[in-house]
Amino acid sequence: MKGRPRTGLAALAPFLWLGVFFLFPFLLVAKLSLSDTALAMPPYAPRVDWSAGWAGVRAFFAALDFETYARLTRDSLYIASYLSSLMFAAVATGILLVIGYPIAYGMSRFAASTRQALLMAVILPFWTSFLIRVYAWIAVLKPEGLLNTFLSQFGLPELNLLNTDTAVYIGLVYAYLPFMVLPLYAVLEKQDQSLLEAAADLGCTRTQAFWRVTFPLSLPGVGAGALLCFIPMVGEFVIPDLLGGSGTLMLGKTIWTEFFANRDWPAASAVAIAMLATLVIPIVLYQRQQTKMIEAGR
Amino acid sequence: MKRGPSAFNIASVVAGLAFLHLPIVLLVVYSFNASRLVTVWGGFSTKWYGALLRDDQLLAAIWVTLRVGLISASLATVLGTLAAVALVRSGRFKGRLLFSGMIYAPLVMPEVILGLSLLLLFVAFGLPRGFWTVTVSHATVTLCYVTVVVQARLISFDKALEEAARDLGCTPLKAFFAVTLPNIAPAVAAAWMLAFTLSLDDLVIASFTSGPGATTLPMRIYSQVRLGVSPEINAVSTLLVGLVATGVIAAYLFQNRRRGRDA
Amino acid sequence: MSTSRRPRLNIGAVRSSFAPWADPSLEPLVRFEGVTKRFGNETAVNDVSLSIYESEFFALLGPSGCGKTTLMRLLAGFETPDAGRITLAGEDLAGRSPHQRPVNMMFQSYALFPHLSVEQNIAFGLKQQGTPKGQIADRVTEMLALVRLEGLARRKPHQLSGGQRQRVALARAIAPNPKMLLLDEPLAALDKKLREETQFELIALQQRLGMTFLIVTHDQEEAMVTADRIAVMREGHIVQIGRPAEVYETPNSRYVADFIGDVNLFEGAVTAADGKRVTLATPDCPVGFEALEDDRLAVGSTAWLGVRPEKIQLHLDPPKEGPNRMAGKVADYGYLGDWTTYVVELESGRTVRAARANASRLVARPIACDDLCWLTFAPDAAVVLTR
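Protein chains in written order, with our numbering: chain A, 5 to 302; chain B, 162 to 424; chain C, 220 to 606.
If you are wondering where the hints come from, they were derived from the structure by calculation, not from laboratory data. Check the hints yourself; a few may be wrong.
[Stated by the list, open to error] From chain B, some residues computed to sit far from chain A (all C-beta separations above 12 Å):
id	residue
1	Val201
2	Gly211
3	Ala212
4	Leu214
5	Asp217
6	Gly291
[What the hints assert, rightly or not] Simulated DEER-style distance windows between Cβ atoms:
id	chain 1	residue 1	chain 2	residue 2	range
7	A	Asp196	C	Asp311	30 to 36 Å
8	A	Leu87	C	Lys375	36 to 42 Å
9	C	Pro321	B	Arg418	29 to 35 Å
10	A	Glu162	B	Ser384	28 to 34 Å
11	B	Ala325	A	Trp58	56 to 62 Å
12	B	Ala339	A	Ala17	18 to 24 Å
Quick reminder that beta carbons are idealized off the backbone N, C-alpha and C, glycines included.
Let the hints inform the model, and build the full structure from the sequences given.
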């Protein structure tokens, strides 16, 4: 095929682009995590002294060390925020699965024309600004907010949810629900109805058919949805920042604070690298699963 | 025997959709509230929309955001479509795994990491941060979404059509533009829209990669939100939600009509 | 009941002794009584009554959309009848959902569970019945041997060929030992050669198990080869029920004659009918038709004569006196190896198909297009149809 090398050429442009703007920057983050803070602009040292030539490069590498990482492990704040990030993401993923599955399953049971409209309704918030959707919850959750107005009308006690971990969970579940529902819906909707008939024919009640056929066959969707939510949630910034309290520890927030407030760029980088190291396995899993699904669709 | 939805099915879907939409609906409703107190209904008013027009900083931010969105989405659409073609059409090539990894990783990668790494890149090259650094950063991230959307369409596209064009004398390039591109055009358009919306929406990456004079709308909203809920933000949010919803619903209806015609 | 293990090695001869439907003292296994099923405005099954007996191999035959699959799905419980009732072993099935019915179905798409291996698929129904683990394993082994898939127990469905999948589907449906096996177009997805082999395997299997089989098919050959009795369906109705030879040789309507096998249909007016023979006048045959017919048809009424191509003789020399003689010229012919089919254009302008067995390799006078020829058939070769 003569066409091969040409499409290969076409691939080169985005490949180079991603190499420069996605892959290479990670090396910079890794490098920076080995540097020290400095009162300079940019606020880190060492920097390569190109005028000194080879000696400058050598001096640069000699000055790199793991001091920043050592500093992170000594400070219990970082470890706590690392663990609590994983905790938030894992619990929220679990809640999302429990809430998202019935929604996706319910959608898949409607007639085809209705399904299109329902899908649209689920996707619509996803197109709406993330920031605005999180902001909308502030108005609901704040002490004199809509939730409490509603509760007081029924004589129920007020809830102070804003700036608590509960608010963060609500925000995470709310913001990521479409990401959980969509992959689940995709596998459930495709499911061959004759499999359910076969299960019924072989003696399954509806509930048994669900657990023996529908659910196991939807596991790829469960995996995709869980990964699609879990990974970005670990590094979530906007939700803990706007809905969480001062005690809410999450890595995204930590990086942001180190970077913007403390101007400790090496620490921010080291936290980012630690987070990335944790997420590498789920990210690879996600990539493999996506590739597999695409191969299957071929 | 396609079983219809049970009561439980209907209840879960209705509850789910209510959960997803209610906060936005409340936000929109309270943007028309005459009272400054967000939770007390003080009558219908459009005065906060009027206030928006007099807020020069906000208008400037909107203008920046639109330009960033238009340019970065277009850039991402071109690059992302190329990447999709490469992934679908060229089978195995050297570095394919790395390439597909670079496509899928940004989809799930925490934005904080993406923003930080891009910022360090610009700092390392001594590039002044501003309009162009945000644009390039958005193009990089949204490119991957474009690829995924276009790829899905390309896979279902019958390759025989392209081969027929080749058979009738087209070069591969000509065949792509004459046959493949017109057929995947709806997906490419959808991908552009997605890229544009994502750019419009982004706070974290823009905060890292932007500089003075290039404050985007989400950055502006964020700095105000930190100070508390205000009806002006509700108003600008409503406009944004309305704009996007109109676009998405229009695209949906358009697609539905096409499908109806094809069937 | 003595019918459960009948020997049927000599299919032609011994098979004909199996006729439970002719014995009024026997209770049928399945009884459809005035069953009707509508989908919206369409009536898929219209007032169907039908009995199927224990150990019978019964075929529902008809073109797509005739209601045969719906009829089967009504029995399996996937559809509910709008009127009428269905009984199985004397028990009304109304209100029993598919999982409570002791019948199993082999789906046209096979509907193998993609997440389960071959053995897990076969064990599915047994597990559902609560069969003890050890017994399940034994039964699965037995089933694998039955369908000759011993080495493939741990494969997943996508690792199997079409024919292997078909056998897994069969084993899965048989494993729970249902009162009756329903086969929905079981061979439709196989290629011709494999289909023919599998037909005979199905017969042998049904013999060995003594199980009642109900097969739905649009392929008349499949129905003819496999079934004890065939019900020919059209637009929701059953048009004729009978043994394969009955529906082929004595179809009760032009529809059945035409649907099963090839047939030449001649329209004519009855000129005489004495309760044994009928003569017809027709422009296609100036000397008139004569056929055997017990009914005394009214003189002057319209009737049709159905004659199968293989029952028409083709002559190059004019035959002697007698009825059923037609002159024409060869318009076309198709050499099929074992047979040659000739299309002969009569003087009346219509065409007739005649088949000739290629009994010897060399033919003294080969027949070519435009050759003049004569067609004849015996009075007992034709069937008289009035509708």
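Do the hints match the structure? See the list:
With a cut of 12 Å on Cβ distances, valine 201/B falls inside the contact zone with chain A, its closest approach being about 8 Å. The beta carbon of glycine 211/B sits about 20 Å from the closest Cβ of chain A, which is more than 12 Å, so the claim that it is off the interface holds. With a minimum CB-CB distance of about 17 Å to chain A, alanine 212/B clears the 12 Å threshold, and the non-interface call stands. No beta-carbon of chain A is positioned within 12 Å of the beta-carbon of leucine 214/B; the least distance is around 19 Å.
With a minimum CB-CB distance of about 21 Å to chain A, aspartate 217/B clears the 12 Å threshold, and the non-interface call stands. Even its closest Cβ contact with chain A, about 16 Å, leaves glycine 291/B beyond 12 Å, as expected for a residue assigned away from the interface. Distance hint for aspartate 196/A and aspartate 311/C: a CB-CB separation of about 31 Å, consistent with the stated range 30 to 36 Å. The hinted window of 36 to 42 Å between leucine 87/A and lysine 375/C holds, with their beta carbons roughly 40 Å apart.
Between proline 321/C and arginine 418/B the beta carbons are some 50 Å apart, a value that contradicts the proposed interval 29 to 35 Å. Between glutamate 162/A and serine 384/B the beta carbons are some 29 Å apart, a value that agrees with the proposed interval 28 to 34 Å. About 59 Å separates the C-beta atoms of alanine 325/B and tryptophan 58/A, a value consistent with the hinted range of 56 to 62 Å. Checked against the hint of 18 to 24 Å, the pair alanine 339/B and alanine 17/A passes, with Cβ atoms roughly 21 Å apart.
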